[in-house]
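Going down the list, the sequences are from chains B and C. Heads up: the first sequence at position 52 corresponds to 52 in our numbering, and the numbers run straight through without jumps. Heads up: the second sequence at position 443 corresponds to 443 in our numbering, and the numbers run straight through without jumps.
Careful, some of the hints might be misleading.
One copy or two, either will do: identical chains are not told apart, so a pair holds if it fits within one copy or between any two.
[Claimed, not checked] With a straight-line Cα cutoff of 20 Å, these simulated EDC-like cross-link-like pairs (lysine to aspartate or glutamate) come out:
1) K504 to D439
2) K138 to E517
3) K229 to D250
4) K117 to E517
5) K138 to E458
6) K507 to D439
7) K55 to D439
Hint data in this document are derived by calculation from the structure and do not stem from the laboratory.
There are 2 protein chains.
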Amino acid sequence: MISGKNYIGNTLSAKGLKTYKTFNPVLNTENNSTFTEATSEEIHAAVNLATNAFKQYRKVSGAKKADFLNAIADEILTLDDELIQTYCSETGLPEGRAKGERGRTVGQLRDFAALLKEGSWVEATIDMAQPNREPMPKSDLRKMKIPLGPVVVFGASNFAFAFSTAGGDTAAALAAGCPVIVKSHPMHAGTGEMVASAVLKAAEKTGMPNGVFSNLNSSGIEVGRQLVKHSGVKAVGFTGSIIGGRALLDIASKRKEPIPVFAEMGSVNPVIILPEALKNRADAIAKTYAGSVTLGTGQFCTNPGLILGIKSEVLTKFINCLSQEIVKIDPSVMLHPNIVGAYEKNKERALSQVGLKVTADFDREVKPNYARQAITTVQGNTFLENTTLHQEIFGPFSMVVQCEDAVQLETIISKLEGQLTGTVISDNEELINYSDVIDALQNRVGRIIFNGVPTGVEVCPSMQHGGPYPASTDSRFTAVGVHSIQRWVRPFSFQDWPQELLPKELKDSNPLHIVREVNGKIIIP
Amino acid sequence: MISGKNYIGNTLSAKGLKTYKTFNPVLNTENNSTFTEATSEEIHAAVNLATNAFKQYRKVSGAKKADFLNAIADEILTLDDELIQTYCSETGLPEGRAKGERGRTVGQLRDFAALLKEGSWVEATIDMAQPNREPMPKSDLRKMKIPLGPVVVFGASNFAFAFSTAGGDTAAALAAGCPVIVKSHPMHAGTGEMVASAVLKAAEKTGMPNGVFSNLNSSGIEVGRQLVKHSGVKAVGFTGSIIGGRALLDIASKRKEPIPVFAEMGSVNPVIILPEALKNRADAIAKTYAGSVTLGTGQFCTNPGLILGIKSEVLTKFINCLSQEIVKIDPSVMLHPNIVGAYEKNKERALSQVGLKVTADFDREVKPNYARQAITTVQGNTFLENTTLHQEIFGPFSMVVQCEDAVQLETIISKLEGQLTGTVISDNEELINYSDVIDALQNRVGRIIFNGVPTGVEVCPSMQHGGPYPASTDSRFTAVGVHSIQRWVRPFSFQDWPQELLPKELKDSNPLHIVREVNGKIIIP
Chain B
1 MISGKNYIGN TLSAKGLKTY KTFNPVLNTE NNSTFTEATS EEIHAAVNLA TNAFKQYRKV
61 SGAKKADFLN AIADEILTLD DELIQTYCSE TGLPEGRAKG ERGRTVGQLR DFAALLKEGS
121 WVEATIDMAQ PNREPMPKSD LRKMKIPLGP VVVFGASNFA FAFSTAGGDT AAALAAGCPV
181 IVKSHPMHAG TGEMVASAVL KAAEKTGMPN GVFSNLNSSG IEVGRQLVKH SGVKAVGFTG
241 SIIGGRALLD IASKRKEPIP VFAEMGSVNP VIILPEALKN RADAIAKTYA GSVTLGTGQF
301 CTNPGLILGI KSEVLTKFIN CLSQEIVKID PSVMLHPNIV GAYEKNKERA LSQVGLKVTA
361 DFDREVKPNY ARQAITTVQG NTFLENTTLH QEIFGPFSMV VQCEDAVQLE TIISKLEGQL
421 TGTVISDNEE LINYSDVIDA LQNRVGRIIF NGVPTGVEVC PSMQHGGPYP ASTDSRFTAV
481 GVHSIQRWVR PFSFQDWPQE LLPKELKDSN PLHIVREVNG KIIIP
Chain C
1 MISGKNYIGN TLSAKGLKTY KTFNPVLNTE NNSTFTEATS EEIHAAVNLA TNAFKQYRKV
61 SGAKKADFLN AIADEILTLD DELIQTYCSE TGLPEGRAKG ERGRTVGQLR DFAALLKEGS
121 WVEATIDMAQ PNREPMPKSD LRKMKIPLGP VVVFGASNFA FAFSTAGGDT AAALAAGCPV
181 IVKSHPMHAG TGEMVASAVL KAAEKTGMPN GVFSNLNSSG IEVGRQLVKH SGVKAVGFTG
241 SIIGGRALLD IASKRKEPIP VFAEMGSVNP VIILPEALKN RADAIAKTYA GSVTLGTGQF
301 CTNPGLILGI KSEVLTKFIN CLSQEIVKID PSVMLHPNIV GAYEKNKERA LSQVGLKVTA
361 DFDREVKPNY ARQAITTVQG NTFLENTTLH QEIFGPFSMV VQCEDAVQLE TIISKLEGQL
421 TGTVISDNEE LINYSDVIDA LQNRVGRIIF NGVPTGVEVC PSMQHGGPYP ASTDSRFTAV
481 GVHSIQRWVR PFSFQDWPQE LLPKELKDSN PLHIVREVNG KIIIP
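Chain B with its partners taken away, still in its complex shape (with noise of 0.2 Å):
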């Protein structure tokens, strides 16, 4: 079934040289298909008919778009055991996750074609003409958002399915009236073939232009860099490492017509427990955190790889029974050679830095591929002068901060770079005590949590999936959420359009019933 060749649209093409195979990390052995790389041909061809498809698709109806998105969502079903089987193949990653995911990916698709259904979305916002306002008459006007063009999609390595060929992403775009093109990831590209294939065969039945959608193979960066430089690609989303994000926004920042890249990328999750906290429940959140740190072996854009706390006996209990029970967890699979090769090296980094401590590394054998969890902890005047402690190490790793007092925790989270969570463990409205504290963790995240975890994204409006660089490019938007369809879209302005050849959306009868803006006030139909 698994074909090894891109999508030019519906069409399947193979003109290139390079080719590669992905690899099950759990047996330790490359999968059988054989990919071919992208020419620069192909690559072209299939933004030249995005750039084509987009013309149509721009001006389809949202409730026809809705019909796509929902199609795509049943054909990935339909894909059943065999997309899951070759998803745990290509990832390591067990059968329960791959289910869970896949619910996950379908149900975003839903979400956008609720939305669409709906409407509202396109903040329609219209000024009603004044032609005897003086000193000049007021003309009609009237706005709403509008598609910016082709859109390319990164697939992430650590989520093949909802983050990757149809995931958050392509699905927003979709929703937005942009045609999309996938760089597949070099790591699961048999599962994103099939997951193509899904989405094409959705176009094709609810009769989508050719176009709307290719999925290229990619083993390196050349695929990524020629999309990201084509004049015909106006935006980009992108889920990964910061070098890899930091890439590709900068090729785009020098073209000559600059295009938005929406790049979520690291961060290390900042966690801060609070004395009473410690003093009532160490033992319950190092059990808690231990799960956090290693959930999906530490794989997760949202772990815990920072805990700060203000050194205390209660504080040192937290750190042992934490590295106690994270060594009391089995290791677990990472996703590919490489990566647990970068994790035992950034680790090997980190352990070698003065003044950190280690206090717990998982000694015994491991399979190979199998990450060995690991606990530090650091003085606050280390950490604080040590930037290479702020970095990320992807994987099951986490380091404890041990603070002088308050004004030193305040001090190292005004320092931390961009993140995408911050959490707060803390009992008996300690909080009001710390609101600087807050107030500067709030200024470097861009969510922040009360007594829980950062592991866990929930895809509904209000989650901000995002924050201050380097956290992602561009902190004024979200990567989950049905609110993400803003990274792909414009306002436009209608000033004195004819009423019979305006959108529907901005009509004075408003046919479609959506939400409006009308001379100031929100008007719901």
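The hints should help you fit chain C onto chain B, whose structure is shown.
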């Protein structure tokens, strides 16, 4: 009253050695005051003060920020005739324009004050907890917009009030909760200082933190460069040339922490005149456009620099008529000798292009700094081949392109760079026969106008002032109207946060009575 010094917060400072004066283009002589350019030390002091002020200002309530903005408007009006005279002496613009633009500026401030008092602009979104959800309980999530941090605003040469010191960018940033550092425009530094004094008086009267606003003098590009590079600056607003805006975007993109730059730059604002309209009223359209091309000596970013029609006798008649009408208009003064110099140079360069025919060039003697308006025409093929002809010529200049047919018209439109506006002049429902042309136009512009002129930008929520690059650096935002606040804010989520510590906008009780999205439904209180 004008000191020539910088405002570092509320302190006047002039530590530098570099000085300059502004110029009165009508009298063709320098004005009296001497301005001292800000030093690196002063730039640093202003940014640090803004960073500190942000800690408090970001938490100031909407109602109090509204008082601040209204107080700025009041203080600007208090400066009365002295301010108007300073504006006129530094721009050469007539008193009527000065008063009109002051009215617009004051109006913008009051619009944002009203937006803050109403409060719904934060887009509060709430998804309540579902503790019993299967397979996993759902957390309580609440999201709203929060400010980015200190914003640098560059004064625009052509709008000393409305797009400068306390203009749209500043009003939007202060409304958002961001401190503002203005890089004053050297051509109207005196107007800038006076308006800055009004802002600071208002800040003092309404109890805003020192550093919420600074005003820095600058005669060249160095102050702006240093500001955009400064790690304490979190966003940039600019109105001006493509070269200037792009230079700032490039600096911002190369920072360790890239920051958003919203630059509203050049545009030729294409106007399409369809055959029926030409047949019916070539004379009247010509008269209207002679006025629009020369309005404010062609110094509006929405100036119609490109007029497109399909080759015919009536188009020839229109060109003749427009040419006759435009030379009937008395030439007027430009803002500065440098600007009239650039206009004459750019016009020369255009006129020297092969195939361009000059049909009107005001040839009588004009006073110093007055611009001689011109109309030119060119065949569609020639225009398509020579992209030099696509460039904006800032001033009272326009070019009529004679297209072979509707297909060539569409081709030309689709090859244009991004534009602020596109206008269609059309009669008797002929528009429906040109849907491909209109689609192409919509894809290249931010606002589309029917049977009007692009000059005149209404300040209202449904106005889109921006557009695809290079009309702006980010087509997803507007520079005009209250929605422009979205440039300076980011979404922020609270997860399971205690009710008593949530911002008022997100509390269950909705004490501010704002419109919110709750569990997927828009709720009007």
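Tested hints:
Proximity of K504 to D439 under the C-alpha cut-off of 20 Å is restricted to the inter-copy arrangement: shortest distance 16 Å between copies versus 44 Å within a copy. In this assembly of identical chains, K138 and E517 lie within 20 Å of each other by CA distance solely inside one copy; the values are 17 Å within and 32 Å between copies. With identical chains, the CA atoms of K229 and D250 are at most 20 Å apart both within one copy (10 Å) and between copies (16 Å). In the homo-oligomer, the alpha carbons of K117 and E517 lie at most 20 Å apart both inside one protomer (19 Å) and across protomers (17 Å), since each shortest distance falls under that limit.
Proximity of K138 and E458 under a CA criterion of 20 Å is satisfied inter-copy only: 7 Å between copies versus 45 Å inside one chain copy. With identical chains, the CA atoms of K507 and D439 are at most 20 Å apart between copies only, with a shortest distance of 18 Å across copies and 44 Å within one. When the C-alpha separation of K55 and D439 is checked against a cutoff of 20 Å, the pair qualifies only between copies, where the shortest distance is 8 Å, while the shortest distance within a copy is 46 Å.
Hint violations for this structure: none, all hints satisfied.
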